[in-house]
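Sequences are here, hints too, so could you generate the full structure?
Number of protein chains: 2
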Amino acid sequence: MLYKRLLAAVFAVVIGAAALAQTKTTVTSPNKNITLNFWLGDNGAPMYEVLYKNKSIMLPSGLGLELKETMTDKVLPSLTNNLTEVASMQISSNTTWKPVWGDVKEIRDNYTQLSVKLSQKTAEAIEFTIVFKVFDDGVGFRYEFAEQKNLKHFIVADEKTEFHLTGNHKAFWIPGDYDSNEFSPNVTSLSEVNGEDPKYAASIFAHQFFDKDAVQTPLMLKSADGLYINIHEAALVNYPAMNLHVDKASFNLTSKLVPDALGNKAYLQTPAKTPWRTIIVSDKATDILASHTILNLNEPSVIKDPSWIKPTKYVGVWWEMHVGKSTWDYAGSQNATNFDTKNLKASGKHGATTANVKRYIDFASKNGLDGVLVEGWNVGWEDWFGQYKENVFDFVTPYPDFDVKELHRYAASKKVKLIMHHETSGSATNYERQMDTAYRFMKANGYDAVKTGYVGHIIPRGEHHDGQWMVNHYVRVAQKTASYKIMLDAHEPVRPTGLSRTYPNWLACEAARGMEFNAWSEGNKPRHETIFPFTRFMGGPMDYTPGIFQLELNYWDKNKKETIHTTLAKQLALYVTICSPLQMAADLPEVYEKKMDAFQFIKDVALDWDDSKYLEAEPGEYITEARKAKGTNNWFVGAITNENARTATVDLSFLDAGKKYTATIYADADDADFEKNPAAYKISKQVVDSKMILSLKLARGGGCAISITPVK
Amino acid sequence: MLYKRLLAAVFAVVIGAAALAQTKTTVTSPNKNITLNFWLGDNGAPMYEVLYKNKSIMLPSGLGLELKETMTDKVLPSLTNNLTEVASMQISSNTTWKPVWGDVKEIRDNYTQLSVKLSQKTAEAIEFTIVFKVFDDGVGFRYEFAEQKNLKHFIVADEKTEFHLTGNHKAFWIPGDYDSNEFSPNVTSLSEVNGEDPKYAASIFAHQFFDKDAVQTPLMLKSADGLYINIHEAALVNYPAMNLHVDKASFNLTSKLVPDALGNKAYLQTPAKTPWRTIIVSDKATDILASHTILNLNEPSVIKDPSWIKPTKYVGVWWEMHVGKSTWDYAGSQNATNFDTKNLKASGKHGATTANVKRYIDFASKNGLDGVLVEGWNVGWEDWFGQYKENVFDFVTPYPDFDVKELHRYAASKKVKLIMHHETSGSATNYERQMDTAYRFMKANGYDAVKTGYVGHIIPRGEHHDGQWMVNHYVRVAQKTASYKIMLDAHEPVRPTGLSRTYPNWLACEAARGMEFNAWSEGNKPRHETIFPFTRFMGGPMDYTPGIFQLELNYWDKNKKETIHTTLAKQLALYVTICSPLQMAADLPEVYEKKMDAFQFIKDVALDWDDSKYLEAEPGEYITEARKAKGTNNWFVGAITNENARTATVDLSFLDAGKKYTATIYADADDADFEKNPAAYKISKQVVDSKMILSLKLARGGGCAISITPVK
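Those protein sequences? They're chains X and U, same order as listed.
All you need for the working numbering is the position in the first sequence, starting with 1, plus 2.
All you need for the working numbering is the position in the second sequence, starting with 1, plus 2.
Worth flagging that the hints you see were computed from the coordinates, not collected in a lab.
Take every hint as true, because none was put in to throw you off.
Identical chains blur together in the list; that is why a pair holds if it fits in one copy or across any two.
Here are the simulated lysine-lysine pairs, BS3-like style, with alpha carbons at most 27 Å apart:
| id | residue 1 | residue 2 |
| --- | --- | --- |
| 1 | Lys312 | Lys360 |
| 2 | Lys151 | Lys351 |
| 3 | Lys154 | Lys76 |
| 4 | Lys482 | Lys445 |
| 5 | Lys347 | Lys151 |
| 6 | Lys123 | Lys26 |
| 7 | Lys351 | Lys154 |
Below, the structure is given as structure tokens:
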């Protein structure tokens, strides 16, 4: 493999012996932009600081963990102080690797690494190593515990990692939580963070609030002097997710791990390592979007032959339930309590009927889409939600009006793949008991992709969506689906941390507030999608389900007041600004069929890329990106704005010099406006070349999508 | 099926309309010995009392539950008062049914039933029914919730069932606990119950103490006026086990259900029912032993063709580990922390080697035993215990010195069945993920019985051995093993409640302090086995593993001080006094081979019975029983005593009149004594008939076993 071959090129510099306490050990990034200092401070407390272009971005910040003995629950001496340095080593590495899919075809992994081995000064000392990797655009560090005499099994009672910021930065944040990340991103100063304030945290059913001053990661920050800083984690495996407590006086952020039912954070056994804590920094917002540091900190793919993993564009029986045209369940209105469990009677509103699914298959087939997702196909939806029921779904029993065999035959005849839906209602124990049966059923019936869901309280009861047990569950699902050659799209999981590198069959996650909130809540703000690439998407692709053309939902039901807070052109641009190998065309076939000229962009746009250009961006305001479709000379451009109209600038210098291209521009009409006239778009074509700069007018809440193909 | 045919003979008496509040509704047992009164007391509180032969045994005692809404966690109006009676109905039933195995070939199920439907007086009233079944030897009652408008999903926050005893009875008890029942039974007055006192509760690793005044069921009581009262439960499914809090002033016992990780007791959905609360009562201790009321309160067998379920007598690679001759693990001393996980090196003490297992197979084959259990066959034992590890065992990977295929071939050639061991170390989630794989592996390799184990903290963490989730787990294992035609022996599960009627493949449980405690703790007292039939065995058979012949364990290791606190003859008698279709001959082949005259009884004794005679008994003191082997005219007698020598009397009138039988008597030698000379026995034969009465001298800690076969 390429990765291994290049590793041989690594050159190592060993800095011998233990540094004196209080002496700072310095690591600089290959391009010298980033400096990280590590030292043992007063009382042997491990400390680090980070500078970007000689400017402090992370003030002296504490490190360390609090452990307990597993068998006795006894608190062990702290790993936050009274430590001594046993050894220290620096190495450099500069390699490249090729992702199975992604925004570029090759990723450079270039860093300087400092490993500091520390020991307690007490008798029966525990040893651990803090490993820092300093990249050109950021820092990753983690705690590692080798096999050792005085530590074998242990509980992480607390992690005490600090991120001591230099001031009251502008923050793009959602409230800290143990279960949900489906909050609207807030934009305030750090001192204004308040998860208790309803204006910052709309109610979500299954969530577990714990600290009004806490936020989730990825946390995007902008300092007063214009530095962009992103804090997150990479390779979250066998450990809970990290929230951050914000000290509003000092702007020191402290890790708050999601606990289990007993209040413990993680159960580990040596050799063990924590996820990487990541800090990405630049004076250009676009560098944050372009960063591959989180992917670089994940392990290489474990899938030797990924040829069966295929980026997928799909339609599905899904949005029609959200807008109220049909229901997931067969026998009642959604969440009916008045149904007869033994003797289901069709309500007539069921969405996942054989006939309706064929309509979607026909549409996908006619338009060259890869797949059709079907939700509500299996029995149980009459009584599935919110009641801590362990055994809701069985994943193999369809409703009587959903003919699995016939749809298998029909989809195959139309060369369309069906995508199965496995809603667990949060009952992971029930799902784990049935996974093998469910996946065998899928493969026997032609399905090779699954969308999982975890809506509701987690079972095992007392566990949380973002705790160690569920983190391991999501990984087990990725591993087991891989063993069946099934692609995975996880909804309501923990926020992603780059694990799609290791499990490239894990195409996408939800793990954020998706499109559906527009259908029945106060909706997503126009700035929503200009923030996500700086927050949620830092960890990996999202199944955000763009492509809504019918933006005013009273079309479906005259009582529905909701509208989507974007223009139609912006919906198209999202296929570029959201980088994901799994993209839905979320609206209904009958809607698209009325606007096939605009739908042409969704048909054309790629899912996988040889290159990406992050042209201009400001979190919460605008993003303009261009991407080159894998294995082609076709480019796609997306530009989006928040509630303000503006002009996006696209310098086409990324095109091959001297070559002519046809640009098809899907733009907001002159009178477009997300509130007053969202569906107004105009399509134009022009010949372009690398010397041109396009100015794109974006309406309020608007956007622009462009496909660029070489002139033949 | 016989059961259904006889049900048709049921006759029903409906007592119309609601009785007036405060008016007692009376139910009497078919033989009139037991009277139960139900009424609504002050403030509409449901109350019951029980009389035996016109003597009060249960003073007015409260009933009811506290519920919460599942979705909101909101406390609902109490079901302990402010109730009104909606309807009341009495019926009688008198049927018989045939157990797949058991102490008798046919069981009479004869009772009077009172169903009282109650409603809250509040708006949105919840309705529930309390069903009482009054048998000739006891009472069962439970709470039932029909489908109804105002209740669908609910949490049982607390059960408030009371058992208000008439005085400070003598109690045979173990401390209340959420996880373990492996305590020595204590014999004190109720007022002396104290689970905090080390003399009443020897330390057990994975247990969860919660209330010093609580005891577990089955709770055996004896009143000052000589009544024997047993309190337990029947058909424990989808609900936690019940402990009892003892009020030492009033002698009112209150149910304390085992909570889940969130402190909730049970998650139910209408239609729902609780387990039966049972009270068995008699003025003769032997009637308690003979009672089938708990079985009668369980559902009939769900296994349509039980022909594959075979009572099993077995030896096994097990006691040799307890006495220190060998180890479960391959690569270290037990619980080694110094092994290399990747590169296991044999310590030379591993018990489950192919050669050693063949030795047991040879012995079983030569002596007509059915099976050979092998513990320590699968990898993981080097680091399995007490560390809250989720993934310890995989149930399909043998140690390198255990040849699954060869042993399959060898055992089959010798017509012996291997019994597989699945220690879960309490990690039920790990076991549930692997059960199908494990059972397929078993069947592929000739195993049709499994011994499960749950030593350690339960995973899901925060759940308990005796909580609702684990109760459901044990039932899932019984169901799944049945689906593979596998017989089940569960160690460290919740205490049994008669579910072996419903799942007759569930041959036995441990769920109590078994023989192995004699090998490495202060041991089991001589009275131990005279108490268990009144406590632990009320719910079903125990895999107690009797038959230890080498009673002084310094034989195995000169440093071992432990001795078994019985005589050898008592070890034989246990095969009769412990009624179980699964019986181990627990000692080693080389031990038995030195005393094959005594081993002859173990070879001969039956496992399944046409009839049982409970001849004389006093809990904590002595038990004498006779059982007739199924389908034969052979009888087996067992008599055991506590630390006092005594004479057991066996009136042989149960033999066929006029027929001659040969009795082979395995008795304590004249100088036998569990402390001074435990292994001294004598074997004699005599011709007996139904007119004779045998007097059997039992040594201190001694016993006597007799096999009686017709003279040909």
